[in-house]
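Asker: From first to last, the protein sequence lines are chains A and B.
The opening position of the first sequence corresponds to residue 1 in my numbering, with each subsequent residue numbered one higher.
The opening position of the second sequence corresponds to residue 295 in my numbering, with each subsequent residue numbered one higher.
Be careful, since some hints might not be right.
Each computed BS3-like pair below joins lysine-lysine, with the alpha-carbon atoms no more than 25 Å apart [what the hints assert, rightly or not]: (1) B:Lys473 to B:Lys691; (2) B:Lys331 to A:Lys207; (3) A:Lys175 to B:Lys606; (4) B:Lys977 to A:Lys207; (5) B:Lys691 to B:Lys703; (6) B:Lys606 to B:Lys617; (7) B:Lys449 to B:Lys413; (8) B:Lys449 to A:Lys175.
Rather than coming from a laboratory, the hints here were simulated on the basis of the structure.
Just so you know, these numbers come straight off a predicted model, no measurement behind them.
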Amino acid sequence: MVMQSLEIRRSSASVWGIPSGIRTLPTVSKYIDTSTCIGCKACEVACQEWNDLRPVQTTQTGTYQTMPTLHPEFWNLIRFNEQNYDGGIAWIMRKDQCMHCDDPGCLAACPAPGAIVQYANGIVDVNQDLCIGCGYCESGCPFDVPRFHATTGKMAKCTLCVDRTTVGLEPACVKACPTGCLQFGTKDDMVVLGNQRVAQLQSAGYKNAALYNPAGVGGTGVVTVLAHGNHLDWYSLPADPHVPILTRLWKHVVRPLGMVAIAGAVIGAFGHFTKFGRKEVPGSGDSGVQPPPA
Amino acid sequence: MTNGWVDIKNADVILAMGGNPAENHPVGFRWFLEAKKTRGAKLVAVDPRFTRTASQADLYAPIRPGTDIAFLNGIIRYALADKSRYHEDYVRLHTNGPYLIGDAYKFEDGLFSGFDAAKGEYQKESWGYNPDAKTKAYGVDPTMEHPRSVLQLLKQHVDRYTPEMVERICGTPKETFLKVAQIVTSTGNAARVGTITYALGWTQHSTGVQMIRAAAILQLLLGNVGRPGGGVNAFRGHSNIQGATDMAGNFEILPGYLKTPTSAMTDLHGYLDQSTPSTLNKQGWASMNYFVNYPKFMVSLLKSLYGKDATKDNDFGYAWMPKVDGNYSWMYMFDDMYRGSSMRAGGKEPGPEGFITFGMNPVGLGPNSKKMIGALSKLKWMVVVENLETETAQFWKAPREYEGGDASKIQTEVFLLPASSFAEKDGTFTNSARWLQWKWKALDAPGDAKADQEILARIFLAVRDLYKKEGGALPDPILKASWAYTNPANPDLGDVLKEINGRALTDIPDPKDATKMLRTAGQQLDGFGQLQDDGSTMCGNWLHSGCFTEAGNNAQRRVTADPTGLGMYHNWGFSWPANRRIMYNRASADADGKPWDPKRIGIQWNGEKWVGDVPDMKPDAPPGTFGAFIMLPEGVGRLYSPVLNDGPFPEHYEAIEAPVKNALHPNVTSSPVSKRFSTEHDKYGTVDKFPIVCTTYRLTEHFHYWTQHHLNGRLNEIQPGFFVEIPEGLAKERGIANGSQVKVSSARGAIQGVAMVTNRLTPLKIDGKQTWQIGFPIHWGFGAAEGHRGPLANMLTPSAMDPNTWTPEYKAFLVQVEKA
């Protein structure tokens, strides 16, 4: 996407990780209150319609959940889960999509310069022009979000409707939500809202209610209110997400070392050239060798 | 709804029963959550399944389908057991609780007095109030302790509904039931208010009306009717079904719920005499009995129908109105069609030979699909006005299992007229809250598709031309019909709304000031208060009057100011009647006109007039002048109702197909006055062959039988195929795996779908016996778009119905389940 080149906080495969944009903006966030989500899927349809994604062929497999997991043409999925709770049932509905991590594993893992960017407001976006479709971002993401799109050969995921939010609109999913369980605003505001709701849930008897905003990825651009914060598995949320060690190792050790090695190789080659001059290829020149037929 | 969507935010307790609002009304459901978040309101969900609504509830109680009366009567009993649990002052003031009932009324062994076994009907004479022989005023006991007082009779009637009995009938564990009763009755006082919301989960039973009655009785006892945050609130299933009902969607009513005349009512005078209720006085207060104005509503309607040809001398054209004898409701109509004969006016007549259906899909939505399809096969012709090719439009292509017969032998000539969709025309939607809201056309209809009004108009004009040319047996009803639209072949819906609102036909003097005119000829009326019975006004629907005044089209108003702070929004759209947002709002105040709760004021008396919402009361009548329920002849809310066809109090009867005998009176298991049919398709199953209780419902992802035909695949993507919800234990017992194919059969047919095995449905212990229950959604059909086909759910539902509304019993029947 990359609409706002002045607003880039971080960019993939930028060796030193320095901000390449000029503007500073408050970090934004989506607020999801799973305790007032009714799983109506208006957000699923709004996401597809706004982003002009094609319908995915699905089949009824014995669940209210639209499909088992996210899809390159389906970036916003309500996960349904039935759990025994308090002598009855808890029917969990959790909206799954890109979490827009403060420290995005996808961006860390991406080897293509500028293919994944984080804007000054925290939104993490895939630049389809520069994406090489290698799929490294998939392995770097602790939330299993990015998907390889076979038709475009690129990676795809929720953009937090950067094309809407940039012009002052809320994301399509938030716009469509009928119950108000989705909100959009600055991260600070959304965290305040989330903490208030958590306190309300706790006083209503949900002692383990919690706000999901995991520190392992520097916090997320999607803060989620959970009535059962002690059962993250009910929500298919990782307990302690972080950028995989291997990605870090690759990003901060191997890759810089590689850069050094490349630089060393270039310097070595230059030195070799200055010392020994151009390498003669035997048989080059007017040797009468014919190019192969076209 | 007596109240409105937004008003739900004012409730302290919300009982969601007989409906699944989070599923079917997700946008309105926001007000449930608003009440929970801002007021700490308690949401109680009572449903056979743990639903999307239950997922948001503070308390969920399971219940066996069709036993809601037992549950509600149980709460009524619980409330009456202790004066702190019901609002006694309110009951004394605003209900018929103190009224005395005649000695002839009885309830014994499952039958109310007056049962005529031969006809299968009640003769209601014995149910009346007990008038004083001399004064004709009926008896009242303000202490409500007289044994024949309504309150004591009610107490006596519900005494059998102990928590143990509720558990035995409904399967709801006693402790859970008591928790529900405690929360609901916590609003039985001035300080707190609760609302009850329902939908088709109550309506679609052979005892549907009495379920809703039970809720109304409970709300009256708790003092919750008429108050902000209270009421009995029906959630309607289509965007404009409220409007359709208001405009005479049923055969037995005319627009504004006036009565359809019968052939015995030979002239207008006789009709008005029988239709206008006489005032029943009184309980200290007079009854306003606003329906004494019935002649004004009717004459103005006749003037709108027959225009200049309606004169005082010809009874305003009353003779031209169709007189309806017999029953033209859905199932009777299809029964007549199927049998090819009708028993109208007491004699045998041929059945209908033609059928026009607009914007509905009878094959999908009627119960007992085989009979629906069989009935259409007997017709000579059928016109389907639709924007998609529904199952009805292609009924003759029904697969073999629907037993529709050999298509080559079906003689029905089918015409499919392409109609435009809701977005392709303007007009109003009347929502569940009775708000008329104008909508503007968003895009042109494709191809030859036309708006409904144009199709209707062109048929009418063509028929009228035929009558003009050829005469005919009874040409006047058509030739004299008024058709005064700017464009007769395609009436502007603004014109139609003006006609519905009504206008003055001559100058109408102001009764309060002889020098002034109330209205001058041609002016739009301000409301039904200006209607006249002398032919000087016309009005298409008195109840909607005020929607299009001289100020303009009030349905188009979009003012978001809300000075009440209670979500009334008086300048948003128009709410019938009279732009009133809460019906019976006089009951929100005490005898002196002071609000029960000063923080939630419906209306209050300021010394000169009633202020707040538009008062449901004569605006300048001081407290004590009239009773709060101005539309009822007795002027108070009815804990006891002598007018319904199945009894003055709600009584638990089993569904027509039930797994057990009635625990209260085994000799009268199902409603003695509910209706059923007798063709070879009208089969009713028994528990030995069909031991599982089944119910049907809708999904948030789909809209009726429509979305499966839709070319936009998104809704099928998010809810891709027909499924059957089966409890885990039953699935285990029958070897059914989640996601595998399962066959469900009833006495009427069998269907197949994907098993959704879940803990959200639990077996219930009914009368000591473990009883399984399952359910499945409607929406699918054989005529859907490629890849979206599925069975018609109604293949399995029975031809049984409520004796008041003739609504089919879609919500409780018996089935068998097996691996497919």
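Asker: Take the hints in turn and mark each one as holding or not.
Answerer: Taking the hints in turn, this is what the structure says about them:
no. : hint                 : result
1   : B:Lys473 to B:Lys691 : violated, 52 Å
2   : B:Lys331 to A:Lys207 : holds, 17 Å
3   : A:Lys175 to B:Lys606 : violated, 57 Å
4   : B:Lys977 to A:Lys207 : violated, 53 Å
5   : B:Lys691 to B:Lys703 : holds, 12 Å
6   : B:Lys606 to B:Lys617 : holds, 20 Å
7   : B:Lys449 to B:Lys413 : violated, 30 Å
8   : B:Lys449 to A:Lys175 : violated, 50 Å
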